[in-house]
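Below, each chain spelled out in residue letters.
Number of protein chains: 2
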Amino acid sequence: MDDISTEADPYLPYDGGGDAIALQELPKRGSNYVMSNGGGVMSSTTHLLDFLEEPIPGVGTYDDFHTIDWVREKCKDRERHRKINAKKKESAWEFTKSLYDAWSGWLVVTLTGLASGALAGLIDIAADWLNDIKEGVCLNAMWFNHEQCCWGSNETTFAERDKCPQWKSWAGLILGQEEGPGSYIMNYFMYIYWALSFAFLAVLLVKVFAPYACGSGIPEIKTILSGFIIRGYLGKWTLLIKTVTLVLAVASGLSLGKEGPLVHVACCCGNIFSYLFPKYSKNEAKKREVLSAASAAGVSVAFGAPIGGVLFSLEEVSYYFPLKTLWRSFFAALVAAFVLRSINPFGNSRLVLFYVEYHTPWYLFELIPFILLGVFGGLWGAFFIKANIAWCRRRKSTRFGKYPILEVIFVAAITAVVAFPNPYTRQNTSELIKELFTDCGPLESSQLCQYRSQMNGSKAFVDASPNKPAGPGVYAAIWQLCLALIFKIIMTIFTFGLKVPAGLFIPSMAIGAIAGRIVGIAVEQLAYYHHDWLVFREWCEVGTDCITPGLYAMVGAAACLGGVTRMTVSLVVIVFELTGGLEYIVPLMAAVMTSKWVGDAFGREGIYESHIRLNGYPFLDAKEEFTHTTLAREVMRPRRSDPPLAVLTQDDLTVEELQGIINETSYNGFPVIVSKESQRLVGFALRRDITIAIELCYPTQARQAPTLCIGSAQAEPLLWILPEHMQSERRAGKNARRKQEGILLTSRVYFTQHAPTLPADSPRPLKLRSILDMSPFTVTDHTPMEIVVDIFRKLGLRQCLVTHNGRLLGIITKKDILRHMAQMANQDPDNIMFN
Amino acid sequence: MDDISTEADPYLPYDGGGDAIALQELPKRGSNYVMSNGGGVMSSTTHLLDFLEEPIPGVGTYDDFHTIDWVREKCKDRERHRKINAKKKESAWEFTKSLYDAWSGWLVVTLTGLASGALAGLIDIAADWLNDIKEGVCLNAMWFNHEQCCWGSNETTFAERDKCPQWKSWAGLILGQEEGPGSYIMNYFMYIYWALSFAFLAVLLVKVFAPYACGSGIPEIKTILSGFIIRGYLGKWTLLIKTVTLVLAVASGLSLGKEGPLVHVACCCGNIFSYLFPKYSKNEAKKREVLSAASAAGVSVAFGAPIGGVLFSLEEVSYYFPLKTLWRSFFAALVAAFVLRSINPFGNSRLVLFYVEYHTPWYLFELIPFILLGVFGGLWGAFFIKANIAWCRRRKSTRFGKYPILEVIFVAAITAVVAFPNPYTRQNTSELIKELFTDCGPLESSQLCQYRSQMNGSKAFVDASPNKPAGPGVYAAIWQLCLALIFKIIMTIFTFGLKVPAGLFIPSMAIGAIAGRIVGIAVEQLAYYHHDWLVFREWCEVGTDCITPGLYAMVGAAACLGGVTRMTVSLVVIVFELTGGLEYIVPLMAAVMTSKWVGDAFGREGIYESHIRLNGYPFLDAKEEFTHTTLAREVMRPRRSDPPLAVLTQDDLTVEELQGIINETSYNGFPVIVSKESQRLVGFALRRDITIAIELCYPTQARQAPTLCIGSAQAEPLLWILPEHMQSERRAGKNARRKQEGILLTSRVYFTQHAPTLPADSPRPLKLRSILDMSPFTVTDHTPMEIVVDIFRKLGLRQCLVTHNGRLLGIITKKDILRHMAQMANQDPDNIMFN
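So the sequences go chain by chain: L and Y. Residues 1 to 835 in the UniProt record's numbering are what the first sequence lists, from first letter to last. Residues 1 to 835 in the UniProt record's numbering are what the second sequence lists, from first letter to last.
Warning: the hint list may mix true and false statements.
The calculated DSSO-like cross-link candidates involving lysine-lysine, where the alpha carbons are at most 27 Å apart (straight line), are [as the list claims (entries may be wrong)]:
no.: 1; chain 1: L; residue 1: K324; chain 2: Y; residue 2: K623
no.: 2; chain 1: Y; residue 1: K97; chain 2: Y; residue 2: K87
no.: 3; chain 1: L; residue 1: K623; chain 2: Y; residue 2: K282
no.: 4; chain 1: Y; residue 1: K623; chain 2: L; residue 2: K83
Keep in mind that the hints were calculated from the coordinates and are not lab data.
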């Protein structure tokens, strides 16, 4: 992930270049190319001299690690839509095609939802089984996990439900005895062995097959949704390897969760299915609508919270989120949730990951501990972000990062060695959270519920509903929980960033839940022993059930997750969907808001934004406000000391001069002006388009005028500029029909409507108006940067030209803005970004 | 509502004008005005010659029925924020002020939530009481409604709960007998009497005190949130009158609901509280954030659905919805919901308006009737919109609309006369919906639940849980429901648009609920009598409870509401919050989606958009896609036949010429160019700013150079241009310090940085650079309109200049775009818009 090369910036010099090539007039081109070129150079109302019958292949696509032009993509889609609409009435077949086109959006989100739900179910089941393998094996059927293995058992007492003869621990299997220090050591050893094996396998698969499969994927998905291209990040290999290694990583016992990676898995599904529909595969903006819906489906299956998933997609990951996408995201999330429920991986017919039901209302006084939990969550979030980023930066910059496999094995070994003795760290983190959330009921056998009964002081578990004094089991549990808390805090910092799939939701929630449960028990005991205090007197009598420690755990979990991710509404809604009652929204909101405010005091970025910054992705955060007073002219290139802007003039360049400019510079595009004197802006031409236009002449000229045009052997290196299918087409000489004659190196190139008046003996001029974007975005040099940033964010621009009194002055690209923002934040832009 | 005058368009001639005035150089102005002027004319980095110590009062505000400039408002707010941040460290007082400023957003939404919740509770209680007054009176305590009156009664049998001696019907009170045809007629008469009285009072209050209080208010709020100014629409008078008349209108028995108007009431609260905080009162964009939150609070209290309220605000009414607003909307919605629950107007401790709990799952086959209900909802929606708009247009265009009071009384009389005999139309519509939603349980005494018991065929109500054959009560109820359905459909068309507060949610839901319940009972009976049919065989045995007619009612209600408003996600979430289970989301979604698609087939606009169009508000819908291929130059003014664009040149106008241009035209602003020959654009100056700048010279010149400047008596008429506090200031001569000398009518006006070189004897020139917006938005003439529309929507522009090769060509205003869109849709723009 750290080797992402820099986005090719129009204003960064590069060492590429080609040989001399001759040009010829471009044949006619279809209006759909015209529309695709950044905003309708010509419309049906203007007369065109040059039309192609079909679009030039390769135009309108993007290179890897480039930023897309949202405006151009949306125009392309509208043009496609208009075409289909116009054809619709021609025949029944066209009408069917238009219907299919209209429904393909729903179809693709349905498929995405189905696949995400199915994969999530699969991952849940497999991770559960592998996790139990660490402790033992089911004798009847290898493929049963501990719980399934004991279902058929006749040990029917509830407390003994985990101990059934069919399930053998490794000590029982190998040494033949379940108890005693020898078997404990045996189990300990096997636990570490399996954990290391899983971790090794996971990191090896990631390293060898799909380096993009590591991490949570959410920072990259945010970047992709904001309009960046990372080829292969959402591909089929990433999907396959991520699914497999996610199971292994979860089972290895590392302090990580599967919720974040599930979003990545869902987005891979969305991306893969979008290839079935040209509407989405050929349009990067439309594809991102599918990805937004897919990320909603991912969260929906991660927590069983469809509405929360949609809001997560809206609040946290999406960039461009029209209302249509909202509706489709909702649909995808629902479909995914229903598929998951049909698979029923938790065996309880519940959609949600942690289903809880509380029976006691909360009281106003309790807001104080809830807010304290919020403060804890905010502090934890700020500390975690700083520590994790510092560690990740160290990993990137030192030799240590060169050995990812060793690092993973090392961390997995420490985790396994420390985790095994403590029951709260040994068990699956999701199960730990579930236990901490659950209120003590009569059937609860957990150590956490060993309260002394008031009547006879016996330690046996009794109806635990009213508050009671804590028994020794509770005290022991609290000590173990404290150790687990410290362990989780430390390990999570070192785990997030390893080269395995690793989510952050579950570890964060676990930390919050542990802290919350401890606070909850403390308040409960306080209320029991001091029920005559003013704050308890009114509502917390002896023998009544007034404090719910499970609720504290839930509030703590939300606060810690909020502190790390800085999510707000979506987080509250996710937790609201877990409990299904409006009752507890106020405590949750108080804690999550406090957590966000406390966290923001130490730094406004959440963990995902911090990782985006760490990896140097060109991400323009819509949430972050630009508050400086700089003007466009201070940000634009060229700077005072730079050479002047590379521009093309509309009608007095020759083909040779144009080639020279193309070859000498590496900019992604060139402004076209009326003349060097007036500097009045006419339009903007993309380098890619000019190169393709020039290249088109090659097969003819190579044969007809070898002195003017380079030979085929020499021209070969230039072919890499073209997309692959076009290269082969070129090599096969299929483009012959595009030949046109009479263009020489001395031919005049013109971007105007009519050819310039030339001397009688001059060669035929080359018209390039059709590749000219005649509606480039411009701002004046006095425009405050806050407005420029706003325009870039809202319209999704790649670049914007700067004028002064109608004269062209410079250009601002997305990267210039990011660089400027880093400068304003007193960061070294070159060190921070695009590394 | 139909007298809203047109937005002052920069390109509409008007008959205003002033006398000749002399000018003088503007004194220095503060940078906050500079920033407020549409985007930072100067920043701290540029040197300025002319600064005012304080902003000119009146600059940066808007006239009534004008569109705000979002970019300028946001810049203003950022500037204010920067100022406060810079001052923060100066003293403890400034720090406290900055904290207050940071928290004022939360404070204002809290206050709004509190007030909305309290008002909603008040309205609920008052409407309930007034509604019962129509039927009778509580002898013990006049101020009790029927239900409260009978709480203390000792008639404890459940069936008789409505009949208690304390509650007297009017017949019982006046004639002394409760039964018999005489008392029936007496009750009938009193019912009509009260209904007419309430309706008359409501329309009278609206007509006399607050004409803006009529209707649902949602179309206007949508328009206001999109950036239009309608002064007084959200004022205290509107709030007071709307609250009172809403109670009267609901009690009058007209076919209307209080849910839409509650959104208006909440927005009034938000607007009024925003006046307490200069951050919001002085910034139209920030104020709209509060209004978005307020509308969420309004829906939250209308249905008891906070999350649905937020999504409603997001999906249906809001225009600019940053994430911060999402969070605050959520908070406001929660606060409002909790206040309402504390007031407990429904007496059941439930937050939601229609709390239902179903115990039976739904089966796949049932999707067919659900989708049929969706089709019905869509058809109803399309029919209603067409019929209601046709009727409203007739009202606007014929003499009929001149007598709103008569119309209301007429409709109220018909409603009362027809409604009384049918128990389903006589009762409160909310209660009807509740009854239709509720599943038949053992305690249900409703006629709808009179099923024949399977065992003995007795008609007494028995445990109604398993499906049973319908008894005669059910058949009678179905006939009555059919009549009620027809009645509601007809009356709602004529009611929505009357000059009383009238919401559409409840009548629409009632229509859907009636249709749904009828379908539900039909399916239930089908399943009972034909349980051996293939579709029922698997899951619907005799004696099992397989069909829930209440669920059908709910699905039908959602479908009909969806058909009318075209809401999608927010509607499903609102209904999801009513039932609190994910279980029924699929049926709801199927119905709502079908309804939207069927409705869209007949016209894509919902009822609110249709009413916006009917009233001619300048509303640029963010949902509607612009799909035509026109270019900017085809939409811009001036057209080919028009006189050339009125422009100012940057340094060769005299004061007299400038005055001439100002007086001869009525445009809201003027582009400033380098020279008539080059037509290169420099900036944009607002008419309002130029007028104020010119006016500033008056007090000095009047005394010092009476021949050049108009006297005070003559100048008086010009004062109306200035805001009121400035007029009095002017009259008191306080502006003396702004005097400056030497400016004559022949003085040169210049917008450049440095004064032009002038002959030695020429008078002192007037520098107006500080009022120049040096960053006007420009597009080229070749820009497709779809991009221009996108820019207007996303950035919230008022106008945009059109250039060609760096030369100024024309201007496009928001209204030009709306006019063009109407033209493209084959509507006569002048007839449709701004009437």
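Find the hints from earlier in the document that the structure breaks and name them by number, from lowest to highest. Violated hints: none at all, because every hint is consistent with the structure.
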